[in-house]
Amino acid sequence: MTEEVEPGKPQYVLKNVLCVNCHSNSDRDTIKILGGARVPVVNNTVKPVKPLAGGNFYYVAKDFGDRKGHNVDGVTSVDTKFQRSPPGYDRISDPSARGYNPEKPFACAGSNGCHGNRNVEDPFDSIMGTHHADDSDIDGSTTARSYRFLKNTNKVKGVVGLEDDEWNQNSSSKKHNEYSPSIDILCASCHGYFHSKDKTGKERPWFRHPTDIVLPKGGEYTNYNPDFPPPPDRPDLRTYSLDAPVGREKIPGLPSDEVNPGKDIVICLSCHVAHSSPFASMLRWDYDAIVAGEEGKGGCFICHTGKGE
Amino acid sequence: MSRERRAKSHEPRAKMKRTLFINLLLPPYSPLTKGGHRGVKKGGVGGLVLFTLCSMLYALCFPYMVDARVKGKCKDCHSMHYSYEGREMTYGGRAGPFPALTEGGCIGCHGQAPYGTENIITIGKARIPQVLHHMQNGDLAGGNFYYVADGYNPDYSRGHNVAEISLQENPPMDVPPGFIRSVIIPGGIGPADWPGQRQLTCAGTWGCHGDRTIEDPYKSIYGAHHTDDSEIDGSTVGKSYRFLYGITGKEHKDWEYLATIDNHNGYRGDMNHSSMDTISYLCGECHARFHPHANLGGSREVGQVYNSLWLRHPSDIAFSTVHGGFAGSEYQGYVRYSLEAPVAYSRPTGGEEVVDMNSIIMCLSCHRAHASQNPDILRWDYDKVIAGSTPSGTSCLTCHTRKGQ
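Chains Z and U, in that order, give the protein sequences.
Per this note's numbering, the first sequence starts with residue 1, numbered consecutively.
Per this note's numbering, the second sequence starts with residue 310, numbered consecutively.
No lab work stands behind these hints, which were simulated from the structure alone.
Among the hints, a few may not be true.
Claimed, not checked - 20 Å max Cα-Cα, derived DMTMM-like pairs, lysine to aspartate or glutamate:
id, chain 1, residue 1, chain 2, residue 2
1, Z, K307, U, E540
2, U, K380, Z, D288
3, Z, K157, Z, E220
4, U, K382, Z, D212
5, U, K528, Z, E220
What the hints assert, rightly or not - Label pairs and their in silico Cβ distance ranges:
id, chain 1, residue 1, chain 2, residue 2, range
6, Z, G296, U, A603, 46 to 54 Å
7, U, D502, Z, G99, 25 to 33 Å
8, Z, P229, U, D459, 20 to 28 Å
9, U, R507, Z, F228, 42 to 50 Å
What you are looking at is a predicted structure, and each value in this text was computed from that prediction instead of being measured.
Beta carbons: idealized from backbone N, C-alpha and C, even for Gly.
Please model the complete structure; the sequences and the hints are all you need to start from.
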């Protein structure tokens, strides 16, 4: 907790560290019970078992390196290279009225964070009340009714999606979060260069890896997740991969194990996790170990099926 | 932060390209005997002989194990977000982002160290031929853009002025000499015009590599490096000789570095100049008036075999079809393959040592593709070739054997 208290203004003394404290665990479990509540753990102080969908800050907090995760205040120290500036930050892409303030710590929520209302600077203020609100309908209209309380700002619709009731702890191709491209808009708020079509290009050849685009219905992409081919009676479909998930333009009522090239969407979270992972750049896999032309599997090759052979 | 290329730093970075490895079978047992003394176990002499024979047989049958497509870490060639440690990078001083997420585009990989002394850069499992470097006696088959590259005392007469390497040439050399509009090219029709401001690119409509019916250089060559090219049949860009769409041939594993007369590029030619998959046809797509194919300049521009004198130096003709016939001609004097003035073959293998009446003259018999030390991208200094003085068997006189000393 590094923020200074402004004189004359009531302050929540816990602020960001409150988030961290509740959502941390000193043992390996990634869902803990507080009172009668099941609390998703995003930061285990020992190596977690079954990290949740967002990953686990364990990997960045344990000095495995800044590249393993977001350096959230209260979890780990400031990134030594990025300092406090998000890579690819583009003020135009940030709908927050305040904008990201590199003079302030990177927080769980608020204008310098991901969760809550990013028009509000104070992390705790920005997410106030959401845990006690009815979030049975995730429509992005309020912070509470936004996917994982990711509202972004009032200016834009909050993130929508289907929340797995175990935060993907026991996920499978049939049981998992369902993402929408709205999550890309949130990522782009701080990493706009990696999302803006002006920066990525509008079509092949891309200048940066595109996100928020349809998984092409052609070429190597038609073999998405080649290790798990669909049943013979569904030749046009592919099987959902937890290692390279896709987003849906329309969020289904139940998680689906089907992936439709030509319809489903490549999102930031197809490759990255939100919090922290064991791998550099918070990737879902070790990019350093992805070698083209050696019959490799997994990782990039879940989509780029023709490059691994 | 500038993340300059290897020429200026030793940061691990890399590229790739298809590699070929001589696959030598390892002995079935270690020749190091118990006790640490190198030798052959009792009774092992016969086995060793057998092994040697088998190895030789294997090597004869399968001289190379070819990596059919690029090998290497994705990160060695691609930057997903054009971001490194939170900053944008430059490659050789050039800022991106670059198409196809490449680290510096074509030149970023294939000309990554202009002042460097490596003509083939190996990083990890990837071997990347350099078309722009400063290695003495290291020019690859295509030549070396170093002679024409801005910033390195260029002489524009010595090479193609490719964008990002050289500035556009002044008129009339801003248009390919011998250009003819709308010629037939593999996959379609060549450009209907070549605007003077249109500079040559590595690939695409205004370049040599890739599918020339596609204007964007990177689109035109998209996926080629990841294509299984163990069979070069010209059917796709990836399966074309050196990614020159529609062209066939045999690719020397080291791009002719240290090539020998029995191990070199195998250039495809057609003695009847009626095929579109020859290396000379590729040249003719832009320099049409210099090629006798009916799609290109044809006999009107170049002349005819057998019964006329040439109007321009022909290509894609065999020695057997020269005026007056092969028998008794000076071309009979060219009998051993010359790396200085190579010939093409109808079915090239890259191992031909013999030159005979069926060997084929091609553009690359005299020229390099990229740039050379000599004007007109020639393989030799034409100014110094003197009839009656220059030794036969060299330069022009490799073929024109009776014109020399």
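Going down the list of hints, with the structure as the test:
1. Distance restraint check for Z:K307 and U:E540: the Cα-Cα separation of roughly 18 Å lies within the 20 Å cut-off, and the hinted pair is therefore satisfied.
2. Of the pairs offered as hints, the one joining U:K380 and Z:D288 holds, with about 13 Å between alpha carbons and a cut-off of 20 Å not exceeded.
3. Annotation: proposed proximity of Z:K157 to Z:E220 is violated, straight-line Cα distance about 34 Å (limit 20 Å).
4. A C-alpha spacing of about 25 Å is found between U:K382 and Z:D212, which places the hinted pair above 20 Å, so the restraint is violated.
5. Between U:K528 and Z:E220 the CA atoms are separated by roughly 16 Å; this keeps the pair inside 20 Å, and the hint holds.
6. The given range of 46 to 54 Å is respected by Z:G296 and U:A603, whose C-beta atoms sit roughly 47 Å from each other.
7. Look at U:D502 against Z:G99: about 49 Å separates their beta carbons, and that is not inside 25 to 33 Å.
8. About 52 Å separates the C-beta atoms of Z:P229 and U:D459, a value inconsistent with the hinted range of 20 to 28 Å.
9. One distance hint, 42 to 50 Å for the beta-carbon pair U:R507 and Z:F228, holds here, with the actual separation near 48 Å.
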